[in-house]
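> The lines below spell out each chain.
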Amino acid sequence: AQKVTQAQTEISVVEKEDVTLDCVYETRDTTYYLFWYKQPPSGELVFLIRRNSFDEQNEISGRYSWNFQKSTSSFNFTITASQVVDSAVYFCALSEHTGNQFYFGTGTSLTVIP
Amino acid sequence: DAGVTQSPTHLIKTRGQHVTLRCSPISGHKSVSWYQQVLGQGPQFIFQYYEKEERGRGNFPDRFSARQFPNYSSELNVNALLLGDSALYLCASSLSAGTNNGEQYFGPGTRLTVT
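Heads up: the protein sequence lines correspond to chains U and C, in order. Numbering follows this note's numbering, with no gaps: position 68 of the first sequence is 68. For any residue, its number in this note's numbering is found by taking its place in the second sequence, counting from 1, and adding 114.
Hint data in this document are derived by calculation from the structure and do not stem from the laboratory. Among the hints, a few may not be true.
[Stated by the list, open to error] Residues from chain U that face chain C, not an exhaustive set, calculated with beta carbons under 7 Å:
1) GLU44
2) LEU48
3) ARG51
4) PHE54
5) ALA88
6) PHE91
7) GLN101
8) PHE104
9) THR106
10) GLY107
Note that the structure is predicted; figures quoted are calculated from it, not measured. Beta carbons: idealized from backbone N, C-alpha and C, even for Gly.
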């Protein structure tokens, strides 16, 4: 079973629009960690955020914000006032306390049109 | 400080050949993980090594093997290459085994093409 689902394959927005990338996860562990990574065309995965399962506070970092809701097993990512440089593939990932690996979603390709 | 480095950047091999990919973790990091990312998909976990021991293995055939050296660098070996092994191979380093101690830092990857 897919542990991380990113239903949006591709999204296009016009510059300065807000955009939300969805992530739904599945785990039986009570302790787990959620991540978002950005993958620009160069290929290197860039860490954006890490959240543990006991911290449901939403977080804001500049134009980025994350909404973690355990009740719906979702960890959504919003970019406010998008910019062309935000164009990339974004991956949501899950790691379980008992495990040693990340489970990645299939990614959402975001294109910001100038 | 240098990030995670991988070599080579690109590689073209023929079916049936073998390949060795290399990874140097961030200084001070003792754990290295390998991932395969097929075009259009998310990375898939292959191995994790910590202190030169295998700590985790994903659902990959025995043609895939890896090892970690005393300086914590790592090699990923793939034997009897198949066309389906064409992918971006990513290496990630972290301070310790398990992902609960922090994020994994990824290298730029090695793009392997099998013809």
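> Could you run down the list of hints and mark each one as holding or not?
Verification of the hints:
1. GLU44: For GLU44 of chain U, the interface hint holds, since the closest Cβ of chain C sits about 4 Å away, which is under 7 Å.
2. LEU48: violated, 9 Å
3. ARG51: Because about 11 Å separates ARG51 of chain U from the closest Cβ in chain C, which is outside the 7 Å limit, the hint is violated.
4. PHE54: violated, 11 Å
5. ALA88: violated, 14 Å
6. PHE91: For PHE91 of chain U, the interface hint holds, since the closest Cβ of chain C sits about 5 Å away, which is under 7 Å.
7. GLN101: holds, 4 Å
8. PHE104: holds, 3 Å
9. THR106: Nearest chain C Cβ about 5 Å off; hint holds.
10. GLY107: Hint holds; GLY107 of chain U Cβ to chain C Cβ min 5 Å, cut 7 Å.
Violated hints, listed in ascending order, are 2, 3, 4, 5; each of the other numbered hints is respected by the structure.
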